[in-house]
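Protein sequence lines correspond, in order, to chains A and B. Here the working numbering is used: the first residue of the first sequence is 3, the next is one more, and so on. Here the working numbering is used: the first residue of the second sequence is 3, the next is one more, and so on.
Hints are computed from structural coordinates only; laboratory data are not their basis. Be a bit skeptical, because a hint or two may be false.
All copies of an identical chain are treated as equivalent in the list; a pair is satisfied when it fits inside any one copy or across any two copies.
Unchecked claim - With a cut-off of at most 25 angstroms between alpha-carbon atoms, the simulated DMTMM-like pairs for lysine to aspartate or glutamate come out as follows:
hint	residue 1	residue 2
1	Lys123	Asp228
2	Lys116	Glu19
3	Lys112	Asp287
4	Lys112	Glu216
Every value quoted in this text rests on a predicted model; they were computed, and no experiment measured them.
2 protein chains.
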Amino acid sequence: MKEETKKQLDYMLKTLEKAGVYDHAGHIVQFDMETACPRDAMEEQADLVAYLNNQVFKLTHTKAFIAAVDHLHAHEEELSVHEKAMVDSFYRMFRRTRDIPASVDHKINKVFNKAYVDWIKAKEAADYSLFEPSLKAVREAELKKMEYIHDRKERPYDELLDLFEPGMTQEVLDDCFAACTERLLPLLAKIRKSPKKIRTDFLYREVPDTAQAEMSRYLMDLLGYDFNRGMFTTTEHPFTDSLGRKDTRITTHYDPHHFISSMYSIIHETGHALFDMFSPDAEWDYHYHEEKSMGQHESVSRFYENIVGRSRAFTDLIYDKTCEIFPTAMKGVSPDEFYEGINMVEPSLVRTEADEFTYVFHIIIRYEMEKLIVNEKADIRKLPLLWKEKYEHYLGVTPGNDAEGILQDVHWTSGFGYFPTYALGNFYNAMYYNRMKKELDVPGLIAKGQIPVINHWMEENVWKNAARLDADPWIREITGRSLDPTDFLDYLENKYGQIYGL
Amino acid sequence: MKEETKKQLDYMLKTLEKAGVYDHAGHIVQFDMETACPRDAMEEQADLVAYLNNQVFKLTHTKAFIAAVDHLHAHEEELSVHEKAMVDSFYRMFRRTRDIPASVDHKINKVFNKAYVDWIKAKEAADYSLFEPSLKAVREAELKKMEYIHDRKERPYDELLDLFEPGMTQEVLDDCFAACTERLLPLLAKIRKSPKKIRTDFLYREVPDTAQAEMSRYLMDLLGYDFNRGMFTTTEHPFTDSLGRKDTRITTHYDPHHFISSMYSIIHETGHALFDMFSPDAEWDYHYHEEKSMGQHESVSRFYENIVGRSRAFTDLIYDKTCEIFPTAMKGVSPDEFYEGINMVEPSLVRTEADEFTYVFHIIIRYEMEKLIVNEKADIRKLPLLWKEKYEHYLGVTPGNDAEGILQDVHWTSGFGYFPTYALGNFYNAMYYNRMKKELDVPGLIAKGQIPVINHWMEENVWKNAARLDADPWIREITGRSLDPTDFLDYLENKYGQIYGL
Numbered sequence: 003m004k005e006e007t008k009k010q011l012d013y014m015l016k017t018l019e020k021a022g023v024y025d026h027a028g029h030i031v032q033f034d035m036e037t038a039c040p041r042d043a044m045e046e047q048a049d050l051v052a053y054l055n056n057q058v059f060k061l062t063h064t065k066a067f068i069a070a071v072d073h074l075h076a077h078e079e080e081l082s083v084h085e086k087a088m089v090d091s092f093y094r095m096f097r098r099t100r101d102i103p104a105s106v107d108h109k110i111n112k113v114f115n116k117a118y119v120d121w122i123k124a125k126e127a128a129d130y131s132l133f134e135p136s137l138k139a140v141r142e143a144e145l146k147k148m149e150y151i152h153d154r155k156e157r158p159y160d161e162l163l164d165l166f167e168p169g170m171t172q173e174v175l176d177d178c179f180a181a182c183t184e185r186l187l188p189l190l191a192k193i194r195k196s197p198k199k200i201r202t203d204f205l206y207r208e209v210p211d212t213a214q215a216e217m218s219r220y221l222m223d224l225l226g227y228d229f230n231r232g233m234f235t236t237t238e239h240p241f242t243d244s245l246g247r248k249d250t251r252i253t254t255h256y257d258p259h260h261f262i263s264s265m266y267s268i269i270h271e272t273g274h275a276l277f278d279m280f281s282p283d284a285e286w287d288y289h290y291h292e293e294k295s296m297g298q299h300e301s302v303s304r305f306y307e308n309i310v311g312r313s314r315a316f317t318d319l320i321y322d323k324t325c326e327i328f329p330t331a332m333k334g335v336s337p338d339e340f341y342e343g344i345n346m347v348e349p350s351l352v353r354t355e356a357d358e359f360t361y362v363f364h365i366i367i368r369y370e371m372e373k374l375i376v377n378e379k380a381d382i383r384k385l386p387l388l389w390k391e392k393y394e395h396y397l398g399v400t401p402g403n404d405a406e407g408i409l410q411d412v413h414w415t416s417g418f419g420y421f422p423t424y425a426l427g428n429f430y431n432a433m434y435y436n437r438m439k440k441e442l443d444v445p446g447l448i449a450k451g452q453i454p455v456i457n458h459w460m461e462e463n464v465w466k467n468a469a470r471l472d473a474d475p476w477i478r479e480i481t482g483r484s485l486d487p488t489d490f491l492d493y494l495e496n497k498y499g500q501i502y503g504l
Numbered sequence: 003m004k005e006e007t008k009k010q011l012d013y014m015l016k017t018l019e020k021a022g023v024y025d026h027a028g029h030i031v032q033f034d035m036e037t038a039c040p041r042d043a044m045e046e047q048a049d050l051v052a053y054l055n056n057q058v059f060k061l062t063h064t065k066a067f068i069a070a071v072d073h074l075h076a077h078e079e080e081l082s083v084h085e086k087a088m089v090d091s092f093y094r095m096f097r098r099t100r101d102i103p104a105s106v107d108h109k110i111n112k113v114f115n116k117a118y119v120d121w122i123k124a125k126e127a128a129d130y131s132l133f134e135p136s137l138k139a140v141r142e143a144e145l146k147k148m149e150y151i152h153d154r155k156e157r158p159y160d161e162l163l164d165l166f167e168p169g170m171t172q173e174v175l176d177d178c179f180a181a182c183t184e185r186l187l188p189l190l191a192k193i194r195k196s197p198k199k200i201r202t203d204f205l206y207r208e209v210p211d212t213a214q215a216e217m218s219r220y221l222m223d224l225l226g227y228d229f230n231r232g233m234f235t236t237t238e239h240p241f242t243d244s245l246g247r248k249d250t251r252i253t254t255h256y257d258p259h260h261f262i263s264s265m266y267s268i269i270h271e272t273g274h275a276l277f278d279m280f281s282p283d284a285e286w287d288y289h290y291h292e293e294k295s296m297g298q299h300e301s302v303s304r305f306y307e308n309i310v311g312r313s314r315a316f317t318d319l320i321y322d323k324t325c326e327i328f329p330t331a332m333k334g335v336s337p338d339e340f341y342e343g344i345n346m347v348e349p350s351l352v353r354t355e356a357d358e359f360t361y362v363f364h365i366i367i368r369y370e371m372e373k374l375i376v377n378e379k380a381d382i383r384k385l386p387l388l389w390k391e392k393y394e395h396y397l398g399v400t401p402g403n404d405a406e407g408i409l410q411d412v413h414w415t416s417g418f419g420y421f422p423t424y425a426l427g428n429f430y431n432a433m434y435y436n437r438m439k440k441e442l443d444v445p446g447l448i449a450k451g452q453i454p455v456i457n458h459w460m461e462e463n464v465w466k467n468a469a470r471l472d473a474d475p476w477i478r479e480i481t482g483r484s485l486d487p488t489d490f491l492d493y494l495e496n497k498y499g500q501i502y503g504l
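One chain only, chain A, in its complex shape (with noise of 0.2 angstroms):
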């Protein structure tokens, strides 16, 4: 390595070594405004964290820093493998935010952030008008963004496509959505006149909290989730944070007459908490751990949530301590019970409750509305009527209040685009899936508890090289082909064919 590219290679370093310290402080503070934070407290401490934030944001845009990106991205012929993904997923993310003013990087901050202290209090009423101007606040701040923007993309929604999923574009989405549209929506309508009876009532049982979370430890634990690098506590959302290289939390929510709505909440977020924990330590080393695909991220979780979660091996695996653990809802229930109640399709309002089945047209009722809104303008006002005609065409059912319909999701607190990546996971993981099935006896290894082994498989093969790829070359590398819905549709077709004998 020349003399200059060390020199800059170790201030790249040592700044950011710095701004990690400001990172890992606001990752915890928000931790806290999401689990702890009391009603009256949470505004300011939203500010604190659009400030820690900041900080970050000040640390890695100066002009130094931005020089010492650009002179490493020139020379990375003599950078390491790791060097090379860090200099990277900085220059990239510069194309974006290079000259964004670091008073409007906090000034947009604080728009988030304020946007989630108003969505819970919206939500809490179930009334959508208390989040409408914030709404249209996070709107304007994503399209103000955009304006600092290098050789910006034709359409404003492909610019926020590309953040959570670098390359992936409206016309590769339309297409993977109108397969699924052809396919999944003559097959439900078949499922819905079949005749198979599914027994549900079981599902609706009253479980008290406490019984919710020896279950979720419980199955945090079978997966191999590390409780001396993480923990977990509940939200009104749940999700999955790193907020240091041990420290892998988890969030859940408990509905007393709905227990599997947390069991599988639990599930998808220990599969993100497998992710994080087994990557390699020098994504954290060289800070670019932050810089994964989200779609990457959403097929494991979503792996394990549908394609083992939702097996019969493992609702076979998990019989026992459920009943053990439920036992006023297990009563009387039996396995064959089990599995299908937890696999049952039934078109229905809020998208983590959804089935596996109906799951996707809740993610293109997102995607088509996200359009509307960043593309066309829509009218921010006329969006809960849009989402209850969109859930009508798709699903057949509508919305009794915001918090069932349009307020549901935290997701556009923070901005437009991440919705799809959910769809991208199912897609990407049937894919994996179809080698793994080749290469391992997952079912046999799921009935015995050896989730490890499974563990193993995606470490070597999915985890390992995926903050350092594209979704792209990412999934080629591991399975020869780009993204494809096929396989999804095929496994859909083919799991719901037998559970519903078409």
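With chain A's structure known, arrange chain B on it following the hints.
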């Protein structure tokens, strides 16, 4: 106000606003570390707390800031009462800190934070040797800090006392504690020989955490705690912390076989919280809210815990609800038995579990040990033996292991000199209770659940000027007298004389 004074005042306020951001973040990160952080992440998080505190230290120890305080202190006649309180608090702090290099302060904070982490591990393992090196480092850090003090007091322990209770000295405390020993030891002997039988079996009946949490919430609510401005959770060692102006949090600890332990811990911490919640906003606006006398603070927590909480009127008030929340434990327990069980005198090993009567001996023991540790440089290795001897001397009990012996308290992870403030709290509150009784029908108000009337008296008389005044002028303003343990000793003699029929 003159031009220069205004300029310096503006500079001071602006700097403190900036430091306040780091202070706020530091409190949140520390709270998280103590309540949520997973084990493997604790050390990194402790370093983060030290870093954030050091930012506060740096901002308030620049030449310009110290000069501003010096200037304002020399021109106090131009300041408002709150400006003066702010300047005074910093001027006084600077006697200790103005010459400490920021790097030394940072190093010392890291010692304390590491000590906390080691203490957790040592206590869990009931193994003092795991804490011993850190305890030694804490003493060294305390002595190191003293090297930088201007006009240092003759005895190092007086410096530490002064930190938590400005103006307090060993001389005064020696007298107070001698009076306690002289009057209470003979009385304790009489109590122990009394034929009075107090029923205690029910106190050790199993009560699940969920019921104890429900009881915590009930008691906090009853006492006037505002849940919009606070929350409670569990920790090994209960505490109260005001993370922000509208964010006063409480922690507690549930012992499944000793339900009154968390009940009275909650009442104690709620006392601290009420003090903070009802303190004037100006204390925050002018950044002197953390400069309170800890004796004042403990007087309030112990007022609610003992004088209110362990009174007959209070145990009668909560009797029905206690039977409802703890139906199994309270089965067949009469209101008399409930009151007497809560007030049974029984020498024991653990300070936080001690009855109201023997509590002060736990403080005397720690006070004597701290004098030896700090003034006499006692051999750190021999402390467990010393501890054992003192417990045998004063209370006739012997710890079975270090966890219930020398490792029981968190305090020595951050230095020495705090413990006496608990006893001072008892002395002060007995003094102001004697005035309150003349102005309010305290038992009558408690019986009717009208605690807010008592809170209002406390706000007007005890809290309003607490932060602005040192303990001596403060207690003289309330009672017309200086510190005197007699009221406390009379109170104990009277209450326990009645219970034990002496």
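Quiz item: Between Lys112 and Asp287, at a C-alpha cutoff of 25 angstroms, which is it: within one copy, between copies, both, or neither?
Solution: Only across copies: Lys112 and Asp287 sit 22 angstroms apart there, 29 angstroms inside one copy, limit 25 angstroms.
Quiz item: Given identical chains, is Lys112 near Glu216, meaning Cα to Cα at most 25 angstroms, within a copy, between copies, both, or neither?
Solution: neither (37 angstroms within a copy, 36 angstroms between copies)
Exercise. Since the copies are identical, ignore which copy is meant and state whether Lys123 and Asp228 lie within 25 angstroms (CA to CA) inside a copy, between copies, both or neither.
Key: Intra 34 angstroms, inter 18 angstroms, cutoff 25 angstroms: inter-copy only.
Quiz item: Should Lys116 paired with Glu19 be assigned to within, between, both, or neither, using CA atoms and 25 angstroms as the limit?
Solution: For Lys116 and Glu19, only the inter-copy Cα distance (21 angstroms) is at most 25 angstroms; the intra-copy one is 29 angstroms.
Hint compliance for this structure: hint 4 alone is broken.
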